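The listed protein sequences derive, respectively, from chains C and L.
Following our numbering, the numbering of the first sequence begins with 1 at its first residue and continues without gaps.
Following our numbering, the numbering of the second sequence begins with 1001 at its first residue and continues without gaps.
These aren't lab readings, by the way, just hints derived from the structure by calculation.
Check each hint, because a few of them may be wrong.
Take a look, some chain C residues computed to stay more than 12 angstroms from chain L by CB distance [claimed, not checked]:
#	residue
1	20
2	27
3	29
4	44
5	58
6	80
7	86
8	93
9	102
10	109
11	119
12	181
13	189
14	195
15	204
Computed cross-link-like contacts, EDC-like style, restricted to lysine to aspartate or glutamate with a CA-CA straight-line distance of at most 16 angstroms [said to hold, decoys possible]:
#	chain 1	residue 1	chain 2	residue 2
16	L	1032	L	1340
17	C	183	C	220
18	C	190	C	209
19	L	1214	C	209
20	C	149	L	1041
21	L	1093	L	1077
22	L	1307	L	1353
23	L	1031	L	1041
24	L	1117	L	1179
25	L	1233	L	1173
26	C	75	L	1077
27	C	33	L	1173
Predicted model, so just to flag it, every value in this text is computed and none were measured.
In this text, a Cβ means the ideal position worked out from N, Cα and C, and glycines have one as well.
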Amino acid sequence: MGVGAMSELLEQIALCIEKGKVNAASPYPPAMKGQDGADELVAKAINDGVAPSDILGKGLIVGMGRIGEKFRDNKVFVPDVLMAAKAMQAGMKHLRPFFESGAAQHKGTFIIGTVQGDLHDIGKNLVSMVMEGGGYKVIDLGVDVSAEKFVKAVEENPGCSVGLSALLTTTMVNMEKIVAAVKAIAPGAKVIVGGAPLTMDFAKKIGADSYSPDPQGALDFLNSAA
Amino acid sequence: MTSRERIHNILKRRPVDRIGVYEHFWGDTHKKWTQEGHLKEGESLEDHFGFDMQMAWVFNSVANLDFEPQIIEETDETRLVRDGNGATLRLHKLHDATPEHVDFLVRDRAGWEEHVKPFLKPERRRINIEGYRDVRRRAAEQDRFFAWAGVNVFELMHPVCGHEYMLMGMAVDPDWVRDMVDAYAELTVNLMEILFEEEGYPDGVFFYEDMGFKQRPFFSLDMYRDIIQPGHKRTIDYAKSKGLPVIMHSCGYVAPLVPGMIESGIDCLQVIEVKAGMDLLELYREFGDRLSFMGGMDVRVLYTNDKAAIDRELAAKIPVVKGRFGYVLHSDHSIPNQVEYASYRHFVERGLELGTYA
């Protein structure tokens, strides 16, 4: 496959992610009805010999980055991000064997959960999707996660980063204990926090490395910290 | 002026003697303040603080009322249960917690049509008639404004299919979500008709409808108008046809949706969550001629328990928003137990002092 054709194919993949075009059968978005989606195009790229790392880095991650930036800038909304993530997953399934063989590699491992006492998961899930779309292996511990569960996951994944989410003023106070527990066993692990009641001041006060009001900010922080 | 007259006027932005006062509390705050001896055993917060409103939440909207919850899996700490909405919930056995939604039978139109839609019948057994009657009587005894309270279509849909399937559905299959909106709006109106005709009308209607999170709504104003607004119009039009004013609550940042909510017919926006990005003064400047407000006082200031900081928060907002007679004092969400009784008492007293008209 020529360089020009390859670049065009990778741009098509990026566009499918950005627009949330999962596969040819998907009616969404209406403007791309009947066209191939991320599912078919990633399979084609592999068949055509495009390197898995290029499919990931120059196609999937590019598309997810665009949607993350638009979401940060309030140009798109949650349904758009969810569809982009769905398209991303459709493409990623073809790359899974290459991650297992080492032909493609994640940027790092990101452990995320909503802190103990809190069951809100939308913000956490959006961050998970954007992180995965940004090239990270994401381990989602779910909601109502105790310090002990975070510590266990950190111990099992040396070199990981950690994301803590809380929506309530009543549960954000549980973050400090978790940050301390994580830092005690992995002082170098970057911990980023997010959620409605939080601020950068609060993040610093509890010993976290950063705070982000949106998923793209969390991704940018981890990329810059790497 | 009685509380009932005051809130009626506030919702129409007509002259009153003072701003209104009402509040939501996290469950353990009432318990803590009672244990500390500030409230008598069994004393209500409405009575204690002289709130102007009282509400009754009496509808059961679970789809299949006859479904016996099934235990799918059980551990020492949790129980995984499927409920009458076809949702799988994780219940905690060792501590009180809201159930965690794990999975849903309804992920698309087919699941909705099989597992939920056929069950949404306006049956009398969905209504806690006695509960409504009791709260209505107690409110009348104190001449308080009595509101029927319940959730509207957005909040009725997500227990059935979860936020993610619902929001993806709004993009991929909007007709499916419109059908859910129509069905839940119709169910709500039909149940209101049964209740109100049998037991009498409330003074107003209070819809809970969380449509935003930090710095953004879940969906765009265009999507609101296209998919959600028809349900809001159906339910609000019904209330208005009976002369009932409508207060709508939303957590999160919903400022971009406010023009659409006004088109739908709301009279008052509650709760104006500062920590999510909502700005009471900005909303007042932009919409204060068409809309009353309840809330918008930053609860993070209250739990500093610093009376000077509380005074500053009140002084920065109340003299402005009382301008058109359309304001009810309320925090920007709920009062947690970190707020000391004396701090909240001070908040109410100082707030009403600033909010009294000469």
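Results for each hint:
1. 20: violated (7 angstroms)
2. 27: Incorrect as stated: the minimum Cβ-Cβ distance to chain L is 7 angstroms, not above 12 angstroms.
3. 29: violated (8 angstroms)
4. 44: holds (23 angstroms)
5. 58: holds (26 angstroms)
6. 80: At about 7 angstroms from chain L, residue 80/C fails to clear the 12 angstroms cut-off, so the statement is violated.
7. 86: violated (7 angstroms)
8. 93: At about 18 angstroms from chain L, residue 93/C clears the 12 angstroms cut-off, so the statement holds.
9. 102: holds (32 angstroms)
10. 109: holds (23 angstroms)
11. 119: It is violated; residue 119/C is separated from chain L by about 5 angstroms at its closest Cβ, not greater than 12 angstroms.
12. 181: holds (19 angstroms)
13. 189: holds (24 angstroms)
14. 195: For residue 195/C, whose nearest Cβ neighbour in chain L is about 7 angstroms away, the distance does not exceed 12 angstroms, so it is violated.
15. 204: Given a closest Cβ separation of 16 angstroms, the condition holds.
16. 1032/L <-> 1340/L: The given pair, whose Cα atoms are some 9 angstroms apart, holds under the 16 angstroms limit.
17. 183/C <-> 220/C: Given that 16 angstroms is the threshold and the Cα spacing comes to 21 angstroms, the pair is violated.
18. 190/C <-> 209/C: Roughly 6 angstroms between the alpha carbons, so the hint for residue 190/C and residue 209/C holds.
19. 1214/L <-> 209/C: violated (20 angstroms)
20. 149/C <-> 1041/L: Cα-Cα ~39 angstroms, so violated.
21. 1093/L <-> 1077/L: Holds, at roughly 5 angstroms.
22. 1307/L <-> 1353/L: holds (14 angstroms)
23. 1031/L <-> 1041/L: Roughly 9 angstroms between the alpha carbons, so the hint for residue 1031/L and residue 1041/L holds.
24. 1117/L <-> 1179/L: holds (9 angstroms)
25. 1233/L <-> 1173/L: violated (21 angstroms)
26. 75/C <-> 1077/L: Not satisfied, since the Cα-Cα distance of roughly 43 angstroms exceeds 16 angstroms.
27. 33/C <-> 1173/L: Holds: residue 33/C and residue 1173/L sit about 13 angstroms apart, inside 16 angstroms.
Comparing the model with each earlier hint shows violations of hints 1, 2, 3, 6, 7, 11, 14, 17, 19, 20, 25, 26; every other hint is respected.
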